[in-house]
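S.K.: For reference, the chains in residue letters:
Number of protein chains: 2
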Amino acid sequence: MKKGSIKVSVIYPNSEGKKFDMDYYCHKHVPMVGSLLGDALKAATVEMGIGGGAPGSSAPYAGMGNMYFNSVEEFENAFGPNAHEIMGDLPNFTDIEPIIQVSEVMI
Amino acid sequence: MKKGSIKVSVIYPNSEGKKFDMDYYCHKHVPMVGSLLGDALKAATVEMGIGGGAPGSSAPYAGMGNMYFNSVEEFENAFGPNAHEIMGDLPNFTDIEPIIQVSEVMI
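For the record, the sequence lines run as chains G and D. The first sequence stops at residue 108 when you use our numbering, and every number in between is there. The second sequence stops at residue 108 when you use our numbering, and every number in between is there.
Hint data in this document are derived by calculation from the structure and do not stem from the laboratory. The structure displayed is predicted, hence computed values, not measured ones. Take the hints with a grain of salt, since some may be wrong.
[Unchecked claim] Each pair of labels, with its calculated beta carbon distance range:
(1) 2/G with 22/D: 21 to 31 Å
(2) 28/D with 28/G: 39 to 49 Å
(3) 78/D with 15/G: 20 to 30 Å
(4) 72/D with 84/G: 33 to 43 Å
(5) 25/G with 24/D: 18 to 28 Å
(6) 51/G with 44/D: 27 to 37 Å
(7) 18/G with 16/D: 21 to 31 Å
(8) 18/D with 98/G: 39 to 49 Å
(9) 98/G with 39/D: 17 to 27 Å
(10) 90/G with 44/D: 24 to 34 Å
[Unchecked claim] Taking lysine-lysine and the DSS-like style, the derived pairs with C-alpha atoms no more than 25 Å apart in a straight line are:
(11) 43/D with 29/G
(12) 29/D with 29/G
(13) 29/D with 19/G
(14) 43/G with 29/D
[Stated by the list, open to error] Covered, in the sense of this in silico footprint (three residues per stretch, anywhere, with C-beta under 8 Å from a C-beta of chain G), are these stretches of chain D:
(15) 14-23
(16) 97-103
The beta carbon of each residue, even a glycine, is placed where N, CA and C say it ideally should be.
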């Protein structure tokens, strides 16, 4: 993604007994978000946690979803009106409270 | 990045009084890592934290660096022999202890 783009990451911390349905996330949630955000969303990526820094350790995060926008303003304008519907879908695939990180792409 | 690729994220949690020299990170550290890992490293990205989920909130993470590999084995073979030199460079740009996440690219 080009330098200066805005990356919004939704990061799901792992903890014992928590659930995360990666199949639903990839095949229902992410397409729904893409459809709601429309052209403002330049790209989306999803990763599943498989390990940590030490060999054999568990992943700090069960999964991450990343959305790219041209600017914070375009993100806010696209996300704001759909926030309720998007956040309302979370219980369908997880009981983890996500961490939201807004970043600027440097490299 | 194509589905099934391995993404290794080095994530620097923000906290008061901690330092993170993004200029050194982008212009010295990341190129050094790229040069040490060679062809095994398929791509690298860097993001700087600029905000959190709530308007005006601070970023949970000061920065993130992401490295992409074809497999966990290729990552381990490339990183292992260089781990000492790479980790030894951290005090040159930060006093934050990073979180390491190994992920599989789903989308």
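S.K.: When you check the alpha-carbon spacing of residue 29/D and residue 29/G, does it fall within 25 Å?
M.R.: Judged against 25 Å, a Cα distance of about 41 Å means the pair is violated.
S.K.: Per the hint of 20 to 30 Å, is the separation of the Cβ atoms of residue 78/D and residue 15/G within bounds?
M.R.: holds, 26 Å
S.K.: Regarding the pair residue 43/G and residue 29/D, is the alpha-carbon distance no greater than 25 Å?
M.R.: Violated, at roughly 29 Å.
S.K.: Count the residues of the segment 97-103 of chain D whose Cβ falls closer than 8 Å to any Cβ of chain G, and tell me whether that reaches three.
M.R.: holds (count 4)
S.K.: Given a hinted range of 17 to 27 Å, is it respected by the beta-carbon distance of residue 98/G and residue 39/D?
M.R.: violated, 40 Å
S.K.: Regarding the pair residue 43/D and residue 29/G, is the alpha-carbon distance no greater than 25 Å?
M.R.: violated, 29 Å
S.K.: Between residue 18/D and residue 98/G, does the beta-carbon spacing fit 39 to 49 Å?
M.R.: violated, 26 Å
S.K.: Is 18 to 28 Å right for how far apart the beta carbons of residue 25/G and residue 24/D are?
M.R.: Violated - the Cβ-Cβ distance for residue 25/G and residue 24/D, about 41 Å, lies outside 18 to 28 Å.
S.K.: A range of 21 to 31 Å was offered for this pair. Does it hold for the Cβ distance of residue 2/G and residue 22/D?
M.R.: The hinted range 21 to 31 Å holds for residue 2/G and residue 22/D, with Cβ atoms some 23 Å apart.
S.K.: Taking the beta carbons of residue 90/G and residue 44/D, is their distance inside 24 to 34 Å?
M.R.: For residue 44/D against residue 90/G, whose Cβ atoms are near 30 Å apart, the range 24 to 34 Å holds.
S.K.: Using the C-beta atoms of residue 28/D and residue 28/G, is the stated range 39 to 49 Å upheld?
M.R.: holds, 40 Å
S.K.: Given the proposed pairing of residue 29/D with residue 19/G, does the C-alpha separation stay at or below 25 Å?
M.R.: violated, 39 Å
In the structure shown, a violation is registered for the earlier hints numbered 5, 6, 8, 9, 11, 12, 13, 14, 15, in ascending order.
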